[in-house]
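Please work from the sequences and hints to get the whole structure.
Take a look at the letters that make up each chain.
Number of protein chains: 2
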Amino acid sequence: MFKTFISIAALVLFCLGNALADDYFSDQFIEKVSALRDQALLDTTAYDITESLTTEVGARLGGSENDAKAVAWAVAKFKELGFDKVYTEPVTFPRWVRGVETAEILSPYPHHIKITALGGSLATPKKGLKGEIIHFATIEDLEDADPTLIKGKITFISNRMQRAKNGSGYGKANGARYKAAFVTAQKGGIGAIIRSIGTDNNRDPHTGGMKSYDRNAETGEIRLYKKGEIVPAGAISNPDADLLVNMLKRNKPIIFKYTLGSHWDGQYTSQNVIGEITGREKPHEVVIIGGHLDSWDLGTGAIDDASGCAITMASAKLIKDSGIQPYRTIRVVLWANEEYGLSGARAYAKAHANKLEQHIIGAESDFGAAPIYAIASNVSDESLPIIAKMAELLAPLGIGYAGNNGRSGADISPLKKMGMATMGLYQDGSNYFDLHHTPDDTMDKIVAEEIAQNVAAWVVFVSLAAEYTGDFGFKLNK
Amino acid sequence: MFKTFISIAALVLFCLGNALADDYFSDQFIEKVSALRDQALLDTTAYDITESLTTEVGARLGGSENDAKAVAWAVAKFKELGFDKVYTEPVTFPRWVRGVETAEILSPYPHHIKITALGGSLATPKKGLKGEIIHFATIEDLEDADPTLIKGKITFISNRMQRAKNGSGYGKANGARYKAAFVTAQKGGIGAIIRSIGTDNNRDPHTGGMKSYDRNAETGEIRLYKKGEIVPAGAISNPDADLLVNMLKRNKPIIFKYTLGSHWDGQYTSQNVIGEITGREKPHEVVIIGGHLDSWDLGTGAIDDASGCAITMASAKLIKDSGIQPYRTIRVVLWANEEYGLSGARAYAKAHANKLEQHIIGAESDFGAAPIYAIASNVSDESLPIIAKMAELLAPLGIGYAGNNGRSGADISPLKKMGMATMGLYQDGSNYFDLHHTPDDTMDKIVAEEIAQNVAAWVVFVSLAAEYTGDFGFKLNK
Chain S
1 MFKTFISIAA LVLFCLGNAL ADDYFSDQFI EKVSALRDQA LLDTTAYDIT ESLTTEVGAR
61 LGGSENDAKA VAWAVAKFKE LGFDKVYTEP VTFPRWVRGV ETAEILSPYP HHIKITALGG
121 SLATPKKGLK GEIIHFATIE DLEDADPTLI KGKITFISNR MQRAKNGSGY GKANGARYKA
181 AFVTAQKGGI GAIIRSIGTD NNRDPHTGGM KSYDRNAETG EIRLYKKGEI VPAGAISNPD
241 ADLLVNMLKR NKPIIFKYTL GSHWDGQYTS QNVIGEITGR EKPHEVVIIG GHLDSWDLGT
301 GAIDDASGCA ITMASAKLIK DSGIQPYRTI RVVLWANEEY GLSGARAYAK AHANKLEQHI
361 IGAESDFGAA PIYAIASNVS DESLPIIAKM AELLAPLGIG YAGNNGRSGA DISPLKKMGM
421 ATMGLYQDGS NYFDLHHTPD DTMDKIVAEE IAQNVAAWVV FVSLAAEYTG DFGFKLNK
Chain B
1 MFKTFISIAA LVLFCLGNAL ADDYFSDQFI EKVSALRDQA LLDTTAYDIT ESLTTEVGAR
61 LGGSENDAKA VAWAVAKFKE LGFDKVYTEP VTFPRWVRGV ETAEILSPYP HHIKITALGG
121 SLATPKKGLK GEIIHFATIE DLEDADPTLI KGKITFISNR MQRAKNGSGY GKANGARYKA
181 AFVTAQKGGI GAIIRSIGTD NNRDPHTGGM KSYDRNAETG EIRLYKKGEI VPAGAISNPD
241 ADLLVNMLKR NKPIIFKYTL GSHWDGQYTS QNVIGEITGR EKPHEVVIIG GHLDSWDLGT
301 GAIDDASGCA ITMASAKLIK DSGIQPYRTI RVVLWANEEY GLSGARAYAK AHANKLEQHI
361 IGAESDFGAA PIYAIASNVS DESLPIIAKM AELLAPLGIG YAGNNGRSGA DISPLKKMGM
421 ATMGLYQDGS NYFDLHHTPD DTMDKIVAEE IAQNVAAWVV FVSLAAEYTG DFGFKLNK
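Which chain is which? The protein sequence lines are S and B, in order.
So in the working numbering, the last one in the first sequence is 478, and the numbering has no gaps at all.
So in the working numbering, the last one in the second sequence is 478, and the numbering has no gaps at all.
Incorrect hints may have been included.
Which copy is meant is left open, because identical chains are indistinguishable; a pair holds if it fits in one copy or across any two.
Unchecked claim - Straight-line C-alpha distance at most 25 Å; calculated SDA-like pairs for lysine to any residue:
| hint | residue 1 | residue 2 |
| --- | --- | --- |
| 1 | K282 | Y87 |
| 2 | K172 | D444 |
| 3 | K165 | L224 |
| 4 | K350 | L106 |
| 5 | K416 | A123 |
| 6 | K249 | T269 |
| 7 | K165 | D444 |
| 8 | K126 | P94 |
| 9 | K417 | T219 |
| 10 | K257 | G99 |
| 11 | K252 | L129 |
| 12 | K69 | I255 |
| 13 | K127 | T102 |
| 14 | K257 | T102 |
| 15 | K130 | E65 |
| 16 | K126 | H112 |
| 17 | K69 | H112 |
| 18 | K475 | G419 |
| 19 | K416 | L149 |
| 20 | K127 | G99 |
For the record, the hints were derived by calculation from the structure and aren't laboratory data.
This is how it looks when you write it as structure tokens:
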């Protein structure tokens, strides 16, 4: 079904504009890009960058000690890679700290359970929170439930995320993670646990952000929720969720106890770290790419998102090293604290609000390091011939075109909302949610050939996008 | 290669004795067994038993609170299943307790590391053990190393276990786990960490027993090693071992710190739990089968070895329920504390030393719940026609014959050494060491159709073995 969609979109695209694109790029340039694409398939720069960040820094939760280490690492790495300009921009956000995490089933059958706090959760009492489990299959069931059933209890949502190449199972399951603590509190519950939003059967739960504050729509100011507005919330692994579901079939009350030390701890100022390859004609106009520098604290953030940082850094470096100096600047932004606030992306959009039109097109790599199988644009019809030329050069990598209504990364979304054109380079996410937000997100999961394929694709997108002298339709999404 | 071996062995076997076997069993009996085999493929008894033990008891380390719960569960389950006779026999052993487990790399690049104590390890100082890492690729390299290199350091062995259907990678890699603490102490080292003996890339390390005591060959008495004879020893996960190996390439000293609270804690008396289907002619002569009731404490012991208990219990129950009352007794033994002492097996062999000849043949199921692909015997030539008949009935299940020099389970080994004939029912172990001795050994890993295939195979072996009026060659191995 999806494949058919790609084929039709690709056909329309090629009919629309392929001949036109040849007006924009010299044969020599296209040959150079093609050669660079093929060279990138054998290049280890992105693999090496990922290994460097995960080994020399490791876990780097926004606001943690390693946040600052990651910023220092990124500045040094951009310089080492030969970027023309390297700088940082401040990003301030409320710091969240994890703390102790324990859980157990007390009765009818005692078991130790692995739990991890959801990002933004408040602490339980120090001696733990104890209560009877009330089970819901989905967040919608919890939302529909009579509060008298929930009062004084610990809710448990057991919905299981489904595996899909495009990661579509995530959005369907993720409401449980995002809303359980809030909805439970509204209905008088005392705690919330969820089945991890993940596709694996490993015993380590998946963390991830939850609704834990209000943001003032005008000022952007954050008001953190207090006890009572949300309950302490944690995720348990798929195997432990299965255990609970099996135990519930026995129709005996299940008493669960857990302790979370997670809490907010003042303000922290991190940095977006930015490296640029300066454009030859319009240095102030940029193609903005990147990944997020922060990670969750459980793994070393290899697939989320050292690899995205590495893929985009490597693609810009390879372009520069090949002798291409494009028409416009390539700006690689390594975003701060994506994971529990999108803080870097919001700060950037705010700081650059008066020069948004200089952002010609944007894209983020934030879905691991498995091969790219499609691109999808979000550009003006007039610029579709450029996209067609990209698609033509990407076809040898097994990459199709998925239409002009594409997704792009979370850190790109504030700029996209403000009108910037975007590109999505879709990675095969079949196994991504086995590892996402868990201790298993480590360097050994990166396959050298696969991450190199990503760089090859980004080299094509970035070099053509930065060389194109027209624009991709700013205010397209306004 | 292995397949060829099976084929030749099977050919020889069938030529040897197929016609002869027909003298031993009536057509009616063989038809009944065949029907029971096919019925077993659809039966959920073993799956349900595994679910019951892992849900209602869970982790059950020898000597822990759950050890006693597992014994009570097993007695009740045997009775519920309708066994003719249910009893227990005491098994006393030194109790080992795990305690706290933390680890970190302090420099050059700080990381939290997951560690788990090896069974039998002593504790570190309460504030942890800190030292420089010295790396060896294998236990042999450590054994060959100059002690002056090791003095005052923490040894790290990085050998990685290879995946294989028959689990042959385990024996090759496992020397590191068994001997590292002992060899390190002999050479003046202060601590030992090893790469987990496992084939997965999950972040949870694999525990498992290590050399931690001497056993008096005559009396069987145990003398536990003291501090200085062994060092505190733990396993780290494959991803963390990869991280250390990557870090070592940077040629900077690595300072590692870990804390283990593991220690010996007096004596404990558990029980072998035994259920019998009484033989019609020779009730005191037995076919002895079973699995071990204990498990490591990290998972719920689904594949190691709730499934082995369940497969053998279910096969005996199905035989009884079918109306077959065999010539000899079927004795199912759920062994105590296999994991860090083989305590139940040793106690049984000692307690039954004066009636060993009553044990006609023995087998254990202790390699998970994946399908059986071959059987291998260890019997007299005279009884090979019986094995041939078993193989004939097992062929429709995709099971071949792997010769008359077969492996059998660890709990069977003391009886085997004393001369008992044995049978091995070989399970596909390709994925077994992804889970073995980790928190991931949980019920969700059991596939209903696969565990039923095991029961179908055991039904054939057990019913023919117990009906056969000859013997399988006692003292064969003496």
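Here is how each hint holds up against the structure:
1. K282 <-> Y87: For K282 and Y87, the Cα distance is within 25 Å only inside one copy (19 Å; across copies 87 Å).
2. K172 <-> D444: between (29 Å within a copy, 23 Å between copies)
3. K165 <-> L224: For K165 and L224, the Cα distance exceeds 25 Å both inside one copy (35 Å) and across copies (54 Å).
4. K350 <-> L106: Close neither inside one copy (49 Å) nor across copies (39 Å); limit 25 Å.
5. K416 <-> A123: Classified as neither: same-chain Cα gap 35 Å, cross-chain 56 Å, threshold 25 Å.
6. K249 <-> T269: neither (49 Å within a copy, 33 Å between copies)
7. K165 <-> D444: both (21 Å within a copy, 23 Å between copies)
8. K126 <-> P94: Classified as within; 22 Å inside a copy, 35 Å across copies.
9. K417 <-> T219: So K417 and T219 pass the 25 Å test inside one copy only (16 Å; across, 79 Å).
10. K257 <-> G99: Both ways: K257 and G99 sit 16 Å apart in one copy and 20 Å across, limit 25 Å.
11. K252 <-> L129: For K252 and L129, only the intra-copy Cα distance (20 Å) is at most 25 Å; the inter-copy one is 45 Å.
12. K69 <-> I255: For K69 and I255, the Cα distance is within 25 Å only across copies (19 Å; inside one copy 42 Å).
13. K127 <-> T102: Both ways: K127 and T102 sit 11 Å apart in one copy and 21 Å across, limit 25 Å.
14. K257 <-> T102: both (8 Å within a copy, 23 Å between copies)
15. K130 <-> E65: This pair counts as between: shortest inter-copy Cα distance 22 Å, intra-copy 32 Å.
16. K126 <-> H112: both (18 Å within a copy, 23 Å between copies)
17. K69 <-> H112: For K69 and H112, only the inter-copy Cα distance (15 Å) is at most 25 Å; the intra-copy one is 35 Å.
18. K475 <-> G419: within (4 Å within a copy, 85 Å between copies)
19. K416 <-> L149: Answer is neither; intra-copy 43 Å and inter-copy 59 Å both fail.
20. K127 <-> G99: Both ways: K127 and G99 sit 14 Å apart in one copy and 20 Å across, limit 25 Å.
The structure shown violates the earlier hints numbered 3, 4, 5, 6 and 19.
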